[in-house]
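Turn these sequences into a full structure, and let the hints steer you where they fit.
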Amino acid sequence: MIGRLNHVAIAVRDLESACAVYRDTLGARLSPAVPQPEHGVTTVFIELPNTKIELLAPLGADSPIARFLERNADGGIHHICYEVDDILAARDRLVEKGARVLGSGEPKIGAHGKPVLFLHPKDFCGTLVELEQA
Numbered sequence: 001m002i003g004r005l006n007h008v009a010i011a012v013r014d015l016e017s018a019c020a021v022y023r024d025t026l027g028a029r030l031s032p033a034v035p036q037p038e039h040g041v042t043t044v045f046i047e048l049p050n051t052k053i054e055l056l057a058p059l060g061a062d063s064p065i066a067r068f069l070e071r072n073a074d075g076g077i078h079h080i081c082y083e084v085d086d087i088l089a090a091r092d093r094l095v096e097k098g099a100r101v102l103g104s105g106e107p108k109i110g111a112h113g114k115p116v117l118f119l120h121p122k123d124f125c126g127t128l129v130e131l132e133q134a
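Here UniProt numbering is used: the first residue of the sequence shown is 1, the next is one more, and so on.
Be aware that one or more of the hints could be misleading.
[Unchecked claim] Computed list of lysine to aspartate or glutamate pairs in DMTMM-like fashion (alpha-carbon distance at most 20 angstroms, straight line):
hint : residue 1 : residue 2
1    : Lys114    : Glu16
2    : Lys108    : Glu83
3    : Lys114    : Glu96
4    : Lys108    : Asp62
5    : Lys52     : Glu70
6    : Lys52     : Glu16
7    : Lys97     : Glu83
8    : Lys114    : Asp86
9    : Lys52     : Asp85
No lab work stands behind these hints: they were computed from the structure.
Shown next as C-alpha cells:
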C-alpha cells in the first residue's frame, strides 16, 4: 500500500540556522521558505537524489511544531511521509485494520499541494506517519 518515501520532516526552532547547516555545511540545495498557515508551520525542502528533507519551523504560538519543540527543545525528527496511490482507499484500509487517523480523518492539502493525512504515532512504532497522495 505504501509507496516511495517522500520526505523526512525535522522540526527546528531556528529555520535560518537550520538552513545554513544544510546549505553551508552539507552543500544541499534548499527551496525557499514557504509559510503554511493552515498547518501552522513554515517549510523548507531539501532535495536529495532519493528523497527530500522537510525543515519545519513553528508559525504562531498554536503551531503543532511549537508544541513539539516544547517537549524536544533541540528539535528533531517530527514525521516521515510515504506516498500512496489512493489516499482515501489507504485511509479506509488503515482504519479497517485499527489504525487511527489524526484530525477529522479527511485529507487536507499539504505543502506539495497534494492531499495528506497523518496517522497516530502509537499505531506506528512511535513514529508520526504522513501519507501523501502520489
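Okay, the hints, checked on the actual structure:
no. : hint           : verdict
1   : Lys114 / Glu16 : violated (26 angstroms)
2   : Lys108 / Glu83 : holds (14 angstroms)
3   : Lys114 / Glu96 : violated (23 angstroms)
4   : Lys108 / Asp62 : holds (18 angstroms)
5   : Lys52 / Glu70  : violated (25 angstroms)
6   : Lys52 / Glu16  : holds (18 angstroms)
7   : Lys97 / Glu83  : holds (19 angstroms)
8   : Lys114 / Asp86 : holds (11 angstroms)
9   : Lys52 / Asp85  : holds (19 angstroms)
Of the hints listed earlier, those the structure fails to meet are numbers 1, 3, 5, in rising order.
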